[in-house]
Amino acid sequence: MAHDFSAFVRRRGAHHLRTAVLLTGDWHAAEDLLQSCLVKLYKAWPRLDTATDPDAYLRRTLVNTHRSWWRVSWRRETPSDAMPDPPARPEDPALALAVRQALEILPPRQRLALVLRYFEDLPETQVAELMGCSVGSVKTHTHRGVRRLREVLGAELIPDDDEVEARR
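Residues in the sequence shown are numbered consecutively from 1, following the UniProt record's numbering.
Please keep in mind that the hints were generated in silico from the structure rather than gathered at the bench.
Quick reminder that beta carbons are idealized off the backbone N, C-alpha and C, glycines included.
Here are the in silico distance ranges between beta carbons for each label pair:
1) 136 <-> 108: 12 to 22 Å
2) 107 <-> 3: 35 to 45 Å
3) 48 <-> 108: 27 to 37 Å
4) 6 <-> 139: 33 to 43 Å
With the hints as constraints, model all of the structure from the sequences given.
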């Protein structure tokens, strides 16, 4: 059991860490978030049956825990001039940093919708389930988030919806 869990973390940990970084906008907070979620997954590991996808379980735990932390932390948040650490092995470091900074200015629900929809490449129905809202709300958050990213980064860096769907 512990061996299977360790193998899963070695195989999929980096992917889920990148998701956590995109959700939190901060490398260290992402590590804390992932660690907390991995503890929860480890405790649940013996109860997971073969039909349960551990990636989906961990993704759901990341979203729920992040949402819970965000609700508590917004009251004690203080602005900072410090820049976050760069993402793990970006293809284009300047672009990756620009996208991360742009994601940080989005409201949490828009950021969550974009991360789940485009980084995790989940269908709208699954994003809606993870966010606890309707598919229409996911579409609204996604549309508004992409529109805001285009304003910040420039339309040439963010493809329009038709281009994104054509790539799928």
